[in-house]
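**Q** Those protein sequences? They're chains Y and Z, same order as listed.
Residues in the first sequence are numbered from 790 upward in steps of one, following this note's numbering.
Residues in the second sequence are numbered from 340 upward in steps of one, following this note's numbering.
Some hints could be false.
[Stated by the list, open to error] No more than 27 Å apart at the CA atoms, straight line, and that leaves these computed lysine-lysine pairs for DSSO-like:
#1 Z/K550 with Z/K672
#2 Z/K636 with Y/K1025
#3 Z/K673 with Y/K1054
#4 Y/K1056 with Z/K407
#5 Y/K1056 with Z/K673
#6 Z/K407 with Z/K546
#7 Z/K550 with Z/K478
Hints are computed from structural coordinates only; laboratory data are not their basis.
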Amino acid sequence: MPILEGGVGIDVLVCMKQVPDTQKVRIDPERGTLIRKGVPSITNPFCESALELALGIREKRGGTVTVLTMGIPDAACILKDALSLGADRAILVTGRDFAGADTLATSYALSRAVSSLGGFDLLLFGKQAIDGDTAQVGPEVAGMLGIPVVTFVTDIRKITPGGIVVERAADGCRELVRTRFPSLLTVVRAEKRLRMPTMEGILSSFSREVETAGLGDIGAESDRCGLKGSPTRVKKIFSPSNGGLVNFLEGSVEEKAIRFVELLKEKGFVR
Amino acid sequence: MNGEVWVFAEHDWDTLQEIGIELLSKGRELADELGVALCGVLIGSDVEKHGPALFEHGADRVYVCEHKSLGAYDTVKYAKVLTDLIKKHSPQVVLYGASARGRDLAPRIASKLKVGLTADCTDLQIGDFKRPDGTLFQKILYQIRPAFGGNIIATIVTPTTRPQMATVREGVMPTPPVQHGKTGDIVREAIEIANLGNVTRILQREKKERKVNLKGARIIVSGGYGVGSRENFSLIYSLAAALGAEVGASRAAVDAGFIIKDHQVGQTGTTVRPKLYIACGISGSVQHRAGMDQSAKIVAINNDPEAPIFGIAHYGIIGDLNVVIPMLIEDIKKRRVD
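Sequences and hints are given; from them, build the entire structure.
**A** Structure (structure tokens):
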């Protein structure tokens, strides 16, 4: 990351999410519902990449790294981890008002939190969370704040006075994009893994608490938060094709092969 | 003209992206069910030329938003133009591709309109929804999508806000047949973007010329640990060549040194969603499935009928791939000759 040395510090906010480890999620075969009990919670991996980028920027250019999340009180764990890695400040937005939020209501609450904290040059989000996989919250927060967004950022190439040049993965191409501060970036999983905490980092983080903020603290309207502020509803959840749907081709090996090639023809894959 | 179904038609200067065509196919079904017009939206400079193709793929009407400053895609400008257009015409459904561009644009519009948006849908339907309080919403959009790493499928609805908006995964909707000579109305829109400066700017754009193009592949033939050796991977390459397909691999095959990592499909490799995925000798770990389970059609060839890959496959061939694959290649080649 060949960022220019010198200049004023960059104040970065990293928005993070606590997610269930989707690799360990199991389905109740009878009900087709998610069994979340016993599934460990982790920091969304894309948010880890965003945090690593932010810490890298601070090392090169100075400034501050603030971490923010919205979630249940337990979500403070992921912020604690970020503090032990060197984040300067951590804020947890929590409360019943925020429960059941879809991407619009989540983005509203986060954008209020960002506004109430104020004064960031750069907002970094993971491109998506591995539980919802929507990739919508970053761009929606940017829309609500009225600031530019650059999505699917793979690397930071340069920080210039008042702005930043990033590399992003677009459809079938790679782009170099310049944007001004303040801007919001959504970050894809970078090659560079999130650093490990040092003993010194862990010890020094004990003096920094995770701050909590509720509806009033961030100046949010309750009608626009949580389930009330969410235009989308889940009508039904079901488990995807679970073995009963596979169509085994029958017969001898020759017959199976012929049947398969016929299928390829029906679907237009071969002439 | 009220309550139309709209499709954001992506283009890359000279060519329409296939996703827009796919959206017209599904959009046609939805519009017919609702009894409303299906409309394409073209934004850019010099894009009216794409209108006829949209008509021939099912659109009744095409909104054209041309301006010289819209030549390169820009999130803020495109979102402003489309947000204004939606406010003006009040469509009931707006569909976008779940491409990098669609997923960049749609959320910004949703945040401006304060409406719901469902990401990366794999199916769309029209149906009724009864809210827990008893209110009935008729003929609304069912937005069907996987979540939790593909562990569940959810049907999402947006009962009260309009338009109902969704991004739709590429490659899952069929391409509609071309109706040659079908025409429709072109509606040219006046664009006001005088106040929008260039806050972001694309400095450089490079087509990714990757040797292994798994993302863009229409068909992928993948080999796993069951292929047995690096030499035996030639079977996978031959089948891929016969089908004009790209070669993929499971992590186990890569770790065993059968093939290089560029080919790896899965959570730690590349996520793919081709129209056809043929898994050969791949047991189908969760990690592998997460990277390919959204392929439109999945075929598994494995000698173990209990292999988890069959849990997500549409078609299964139980058998020794060393016998099955050469026969497949022969049959495919025969057809070519016929």
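**Q** Are the Cα positions of Y/K1056 and Z/K673 separated by 27 Å at most?
**A** holds, 18 Å
**Q** Z/K550 and Z/K478: Cα distance at most 27 Å?
**A** violated, 46 Å
**Q** Run the distance test for Z/K673 versus Y/K1054: straight-line Cα separation, threshold 27 Å.
**A** Since the Cα atoms of Z/K673 and Y/K1054 sit roughly 12 Å apart, the hinted pair holds (cutoff 27 Å).
**Q** Please verify whether Y/K1056 and Z/K407 have alpha carbons no more than 27 Å apart.
**A** This hinted pair is violated, its Cα atoms lying about 42 Å apart.
**Q** With the threshold set at 27 Å, check whether the alpha-carbon distance from Z/K407 to Z/K546 stays at or below it.
**A** holds, 23 Å
**Q** Would the pair Z/K550 and Z/K672 pass a check requiring their Cα atoms to be no farther apart than 27 Å?
**A** Holds, because 25 Å separates the two Cα atoms, which is no more than 27 Å.
**Q** Z/K636 and Y/K1025: Cα distance at most 27 Å?
**A** holds, 24 Å
Checked against the numbered hints listed earlier, the structure breaks hints 4 and 7; every other hint is satisfied.
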